[in-house]
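All chains should be modelled from the sequences, with the hints used to inform the complete structure.
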Amino acid sequence: MSACPLEPYARPTAQATRELAQLQAQIEEARAELVRLQQAVIDAECRLGRNLAADIVDANERLVSAALQARLDAETAARALADAARSARLDALTGLPNRVLLLDRFAHSIANANRRGSRLALLFVDLDNFKQINDTHGHAFGDEVLTLAARCLASTVREVDTVSRHGGDEFLILLDEVAQPSDAVRVADKLIAELARPHLVNDYELSLTASIGISLYPDDGETADTLIKRADAAMYRAKRQGRGSFCFHGDPAAS
Numbered sequence: 001m002s003a004c005p006l007e008p009y010a011r012p013t014a015q016a017t018r019e020l021a022q023l024q025a026q027i028e029e030a031r032a033e034l035v036r037l038q039q040a041v042i043d044a045e046c047r048l049g050r051n052l053a054a055d056i057v058d059a060n061e062r063l064v065s066a067a068l069q070a071r072l073d074a075e076t077a078a079r080a081l082a083d084a085a086r087s088a089r090l091d092a093l094t095g096l097p098n099r100v101l102l103l104d105r106f107a108h109s110i111a112n113a114n115r116r117g118s119r120l121a122l123l124f125v126d127l128d129n130f131k132q133i134n135d136t137h138g139h140a141f142g143d144e145v146l147t148l149a150a151r152c153l154a155s156t157v158r159e160v161d162t163v164s165r166h167g168g169d170e171f172l173i174l175l176d177e178v179a180q181p182s183d184a185v186r187v188a189d190k191l192i193a194e195l196a197r198p199h200l201v202n203d204y205e206l207s208l209t210a211s212i213g214i215s216l217y218p219d220d221g222e223t224a225d226t227l228i229k230r231a232d233a234a235m236y237r238a239k240r241q242g243r244g245s246f247c248f249h250g251d252p253a254a255s
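Here the UniProt record's numbering is used: position 208 in the sequence shown is 208, and no number is missing along the way.
No lab work stands behind these hints, which were simulated from the structure alone.
Predicted, not measured: the structure shown is a model, and the values here were computed from it.
Cβ coordinates follow ideal geometry from the N, Cα and C atoms, glycine included.
All the given hints hold, so there is nothing to weed out.
Derived pair list, reagent style DSS-like, types lysine-lysine, alpha-carbon separation capped at 25 Å: (1) K190 with K229; (2) K239 with K190; (3) K229 with K131; (4) K131 with K190; (5) K131 with K239; (6) K239 with K229.
Restraint-style ranges between C-beta atoms, simulated for each label pair: (7) T136 with G167: 17 to 25 Å; (8) E75 with K229: 37 to 45 Å; (9) S182 with R71: 48 to 56 Å; (10) F141 with D104: 27 to 35 Å; (11) A111 with S182: 19 to 27 Å; (12) L206 with S118: 33 to 41 Å; (13) K190 with H139: 27 to 35 Å.
Dropping the structure here:
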């Protein structure tokens, strides 16, 4: 019996070859699309990261700016509050302590004097003929004179003492820790001499005089109001004596 010949391997038909080629192309296209999608994801993540970083930087800048502005606003408000508090305790024209601040310092000085067994002196200063100055030269000139007088008075006393504007052309000077009445006499003499020096006000030369009344703590009273009233009364006695003089409440002859 003869052997049967082997059948040759089957070859793909043209149709199968075309289908295989199409399938291969689809696979390559899918792979390419997958690569594109992966790159798109990477690009998106990079863009998101950059935008997020930029957003964070921008937010931080706004936060820092807002914090700085808030601090600036707080400092401005604090300064305005301090200025308002100072203004409420200072005379607007001369910048001297007003009655509110004087009474506050008076209370502290009285408390200290009680602890130390020391004296205080209050000088009530009234400029002589100030109304005539105002009427002759005008109120603006009068304000300049008051400012000048304030500087003269403040420059004559110690830092621990208080010069305040009582109103109009009247000033109060609180001398802290006065050992004896003669200390107040020396200050009154210096005040009168300083005011009497020739001064230029708007190119006009003038000399000022003042009448001064003096009261002592605790000799003439134990409260600020009592000492002010008695120094005021002593000032009027000094004014009757003549311009540029002073008088104590308890002893009119002391001047």
